[in-house]
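Novice: Listed below, chain by chain, are the residues.
2 protein chains.
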Amino acid sequence: MRRFGEVDVAALVRSAREGSPRAVARLITLVENEHPALPEVMATLAPHTGEAWIIGLTGSPGVGKSTTSTMLVRAFRAAGRRVGVLAVDPSSPFSGGALLGDRIRMVDHALDSGVYMRSMASRGHLGGLAWAAPQALRVLDGAGCAVIIVETVGVGQSEIEIAGLADTTVVLLAPGMGDGVQAAKAGILEVGDLFVVNKADRDGADSTVRELRHMISLGDRTEPGTWRPPVVKTMADRGEGGQEVMAALHKHREHAESSGELRRRRVRRAEREVEAIALAQLRLRMRGVPDGSSLPEVAERVASGEIDPYAAARQVLDG
Amino acid sequence: MRRFGEVDVAALVRSAREGSPRAVARLITLVENEHPALPEVMATLAPHTGEAWIIGLTGSPGVGKSTTSTMLVRAFRAAGRRVGVLAVDPSSPFSGGALLGDRIRMVDHALDSGVYMRSMASRGHLGGLAWAAPQALRVLDGAGCAVIIVETVGVGQSEIEIAGLADTTVVLLAPGMGDGVQAAKAGILEVGDLFVVNKADRDGADSTVRELRHMISLGDRTEPGTWRPPVVKTMADRGEGGQEVMAALHKHREHAESSGELRRRRVRRAEREVEAIALAQLRLRMRGVPDGSSLPEVAERVASGEIDPYAAARQVLDG
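Protein chains in written order, with the numbering used here: chain A, 1 to 319; chain B, 1 to 319.
In short, the hints are calculated from the structure, not lab data.
Here the structure is a predicted model, which means the values were calculated and not measured.
Take the hints with a grain of salt, since some may be wrong.
[Claimed, not checked] Using C-beta positions, here's what the derived DEER-type ranges look like:
no.: 1; chain 1: B; residue 1: D8; chain 2: A; residue 2: T29; range: 52 to 58 angstroms
no.: 2; chain 1: A; residue 1: D237; chain 2: B; residue 2: D318; range: 48 to 54 angstroms
no.: 3; chain 1: B; residue 1: R283; chain 2: A; residue 2: T29; range: 26 to 32 angstroms
no.: 4; chain 1: B; residue 1: P21; chain 2: A; residue 2: G176; range: 53 to 59 angstroms
no.: 5; chain 1: A; residue 1: A146; chain 2: B; residue 2: P61; range: 51 to 57 angstroms
no.: 6; chain 1: A; residue 1: S304; chain 2: B; residue 2: H250; range: 22 to 28 angstroms
no.: 7; chain 1: B; residue 1: G225; chain 2: A; residue 2: P296; range: 21 to 27 angstroms
no.: 8; chain 1: A; residue 1: E51; chain 2: B; residue 2: D8; range: 35 to 41 angstroms
no.: 9; chain 1: A; residue 1: E254; chain 2: B; residue 2: D318; range: 39 to 45 angstroms
no.: 10; chain 1: B; residue 1: N33; chain 2: A; residue 2: E51; range: 43 to 49 angstroms
no.: 11; chain 1: B; residue 1: R283; chain 2: A; residue 2: E18; range: 38 to 44 angstroms
no.: 12; chain 1: A; residue 1: E297; chain 2: B; residue 2: G225; range: 44 to 50 angstroms
no.: 13; chain 1: A; residue 1: G80; chain 2: B; residue 2: P61; range: 58 to 64 angstroms
[To be verified] The following residues of chain A were derived to be distant from chain B, with all beta-carbon distances above 12 angstroms:
no.: 14; residue: T49
no.: 15; residue: G80
no.: 16; residue: R81
no.: 17; residue: A205
no.: 18; residue: M215
no.: 19; residue: R266
no.: 20; residue: E273
no.: 21; residue: E300
[Unchecked claim] Here are some of the chain A residues that sit facing chain B, going by a computed Cβ distance under 7 angstroms:
no.: 22; residue: A46
no.: 23; residue: A79
no.: 24; residue: A270
no.: 25; residue: E275
no.: 26; residue: I277
no.: 27; residue: Q281
no.: 28; residue: L284
no.: 29; residue: M286
no.: 30; residue: L295
no.: 31; residue: E297
no.: 32; residue: A299
no.: 33; residue: Y310
no.: 34; residue: A312
Ideal Cβ positions, reconstructed from N, Cα and C, are used throughout, including at glycine.
When you get a sec, could you build the whole thing from the sequences and use the hints?
Specialist: Have a look at this one:
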């Protein structure tokens, strides 16, 4: 058993798998801090991963992601499954909103050790969220969460990317906030496996649903055997529509499993994860080239015309 | 002498150094196409590089970058120096505007073999403009351009980064288009070594100049020996103010040389260049891992929990 500083990786992973929220929190903090023990953490977790159902939940601020997520957590908990919630905020390093939201929502599940919630900001990570988010998911997966909901705040490119890497991606809209055309522009029509129009008691809910269905029908998903994303109306703050969403989620899951799409997505997700780690490792190496020279020293020689940048890059890559 | 496909690198570099615009064009096209001969091209050029004075020219669309650049080209040509102009457009893959601009400007210098002009778009480059722009500069430098003007279209983050890596960076503004506060917000106050307020006959020119001077005086550049960016007024379409700009450029160049700043910038530029090439090489490697396995295969094993993503990344990095 190796130790890195104060971290006893084997004991920490054991506690996390036994359901200790403190241990899970500690492991995700290691990810956030880019701790040198991470390779060992991930190696220790690896045999226990690959079981979680990762559900992406994306939508503009104000559409009701927290309430929808809470509704889903209740439904999965009622079915006896351990649930993790990871709220990622690529835009802000310290999102007061997300933290406050967490505290409020914690009350709801505070005494339920079957739920683990966590906010994560991108901060100055080496490889950004593409690097950090999959590793945080890996912690929750390895710790025994059967379902993990990844909430992404906002609808930018990186949010869509993260949500799009889930096993099942839920796109949340609200009437009058983001209509179908805006959704199409933002590129979320392509990543959604299930569209939820929340706040369905508001004016325009039905026209938003119609518009979405129309845009989906125009898409490339009309071949037989292709998944056709359903559109479901909810009022998440009252729990209404929860059963319909759950039914649609399970239907997508079955389809993804039988069609091989689930496997393909998981391999693609692992590809991105490995790529992000490899690029981050390379950046680290460049700060201190293995043979003792450093990038600034190699750069000096390039600037003076002594060597060319490709030779320098080879030296950086291969030592 | 090695050959890659149809490219005789040694002959091409020789022609470019003898002043053949065709050979220079061909070499920059190799950069744009990420041609496998690039490492040899750069190795062949390396001994001839490091002489060019790279002048960055940045500003919002419509401030008069083309006319200012033409004015500077004339002045440097009058002094008998070979000049290269590289217009980079990070935003659009095919910028009709930039290409049209080139054609118009070509007329002016068409018969002058001492001027080489080229537009470059980022397209789908492996490493984007951070990868392509320095290598195009390296071609112009190695081909014997004593001065290279890098125009960046727009004022986004990547434009500022590219302009900020020049030996001397000129920030162009026009009255009523971008005032000092907007400049500060966009982050261009920090990268400018020289501010040019073009279209100086327009209303508000003097207040733009005052505002810029005030904002510069508030900056961190008041210690003795620090370069204090001058603000110059021009009407580039009539050639007015050209002498003042040239005087300020030479003054900055002398200051940068004697203070060691020129050397520092060139090393920093080489660092970015080497880093971009190394990251692009790694991405290429990941598409076909050296030992015969590929990223998708490694990812399959990660997805199934057989290996962890760090072990996979090590395999990708080190074969």
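Novice: Now look at each hint and say whether the structure bears it out.
Specialist: Verification of the hints:
About 57 angstroms separates the C-beta atoms of D8 of chain B and T29 of chain A, a value consistent with the hinted range of 52 to 58 angstroms. Taken as a hint, the range 48 to 54 angstroms holds for the pair D237 of chain A and D318 of chain B, whose Cβ atoms sit roughly 52 angstroms apart. Checking the proposed 26 to 32 angstroms range against R283 of chain B and T29 of chain A shows it holds: the Cβ atoms sit about 30 angstroms from each other. The hint said 53 to 59 angstroms for the Cβ distance between P21 of chain B and G176 of chain A, and at roughly 57 angstroms that hint holds.
Separated by about 53 angstroms at the C-beta atoms, A146 of chain A and P61 of chain B satisfy the suggested range of 51 to 57 angstroms. Taken as a hint, the range 22 to 28 angstroms holds for the pair S304 of chain A and H250 of chain B, whose Cβ atoms sit roughly 23 angstroms apart. Restraint check, G225 of chain B to P296 of chain A: a C-beta distance of roughly 23 angstroms satisfies the suggested window 21 to 27 angstroms. A C-beta distance of roughly 57 angstroms is found between E51 of chain A and D8 of chain B, which places it outside the suggested range of 35 to 41 angstroms.
Distance hint for E254 of chain A and D318 of chain B: a CB-CB separation of about 40 angstroms, consistent with the stated range 39 to 45 angstroms. For the hinted restraint 43 to 49 angstroms between N33 of chain B and E51 of chain A, the CB-CB distance of approximately 45 angstroms keeps it satisfied. Remark: the range hint 38 to 44 angstroms for R283 of chain B to E18 of chain A is upheld by a beta-carbon distance near 40 angstroms. A hinted range of 44 to 50 angstroms for the beta carbons of E297 of chain A and G225 of chain B is inconsistent with their spacing of about 27 angstroms.
At roughly 60 angstroms, the beta-carbon separation of G80 of chain A and P61 of chain B lies within the given 58 to 64 angstroms, and the hint holds. Taking the minimum C-beta to C-beta distance to chain B, about 5 angstroms, the non-interface status of T49 of chain A is violated against the 12 angstroms cut. Every CB of chain B is more than 12 angstroms from the CB of G80 of chain A (nearest about 23 angstroms), matching its label as outside the interface. Every beta carbon of chain B lies more than 12 angstroms from that of R81 of chain A, the smallest distance being close to 19 angstroms; the non-interface claim holds.
Consistency note on A205 of chain A: stated as away from chain B, and its beta-carbon is indeed over 12 angstroms from all of that chain's, at 37 angstroms minimum. No Cβ of chain B approaches the Cβ of M215 of chain A within 12 angstroms, the least distance being about 26 angstroms, so the stated non-interface status holds. At roughly 4 angstroms from the closest C-beta of chain B, the C-beta of R266 of chain A falls inside 12 angstroms, breaking its exclusion from the interface. The Cβ of E273 of chain A sits about 5 angstroms from the closest Cβ of chain B, inside the 12 angstroms cut-off, so the non-interface label is violated.
At roughly 5 angstroms from the closest C-beta of chain B, the C-beta of E300 of chain A falls inside 12 angstroms, breaking its exclusion from the interface. For A46 of chain A, the interface hint holds, since its Cβ comes within 7 angstroms of a Cβ in chain B; the closest pair sits about 4 angstroms apart. About 24 angstroms separates the beta-carbon of A79 of chain A from the nearest beta-carbon of chain B, more than 7 angstroms, and the hint is not met. The beta carbon of A270 of chain A comes within 4 angstroms of a beta carbon in chain B, closer than 7 angstroms, and the hint placing it at the interface holds.
With a least beta-carbon distance of about 6 angstroms to chain B, the hint placing E275 of chain A at the interface is held under the 7 angstroms criterion. A least Cβ separation of about 4 angstroms between I277 of chain A and chain B falls short of the 7 angstroms threshold, and the interface hint therefore holds. Because the closest C-beta pair between Q281 of chain A and chain B is about 6 angstroms apart, less than 7 angstroms, the hint holds. The beta carbon of L284 of chain A is not positioned within 7 angstroms of any beta carbon in chain B (closest approach about 11 angstroms), and the interface hint is therefore violated.
With a least beta-carbon distance of about 6 angstroms to chain B, the hint placing M286 of chain A at the interface is held under the 7 angstroms criterion. For L295 of chain A, the interface hint holds, since its Cβ comes within 7 angstroms of a Cβ in chain B; the closest pair sits about 5 angstroms apart. For E297 of chain A, the interface hint is violated, the least distance from its beta-carbon to any beta-carbon of chain B being 9 angstroms, above 7 angstroms. Given hint, A299 of chain A at the interface with chain B, holds; its Cβ is 4 angstroms from that chain's nearest Cβ, closer than 7 angstroms.
Among the interface hints, the one on Y310 of chain A holds; its C-beta lies about 4 angstroms from the nearest C-beta in chain B, closer than the 7 angstroms criterion. Interface restraint check: A312 of chain A against chain B, minimum CB-CB distance 4 angstroms, threshold 7 angstroms, status holds.
Hints 8, 12, 14, 19, 20, 21, 23, 28 and 31 from the earlier list are contradicted by this structure; the remaining hints agree with it.
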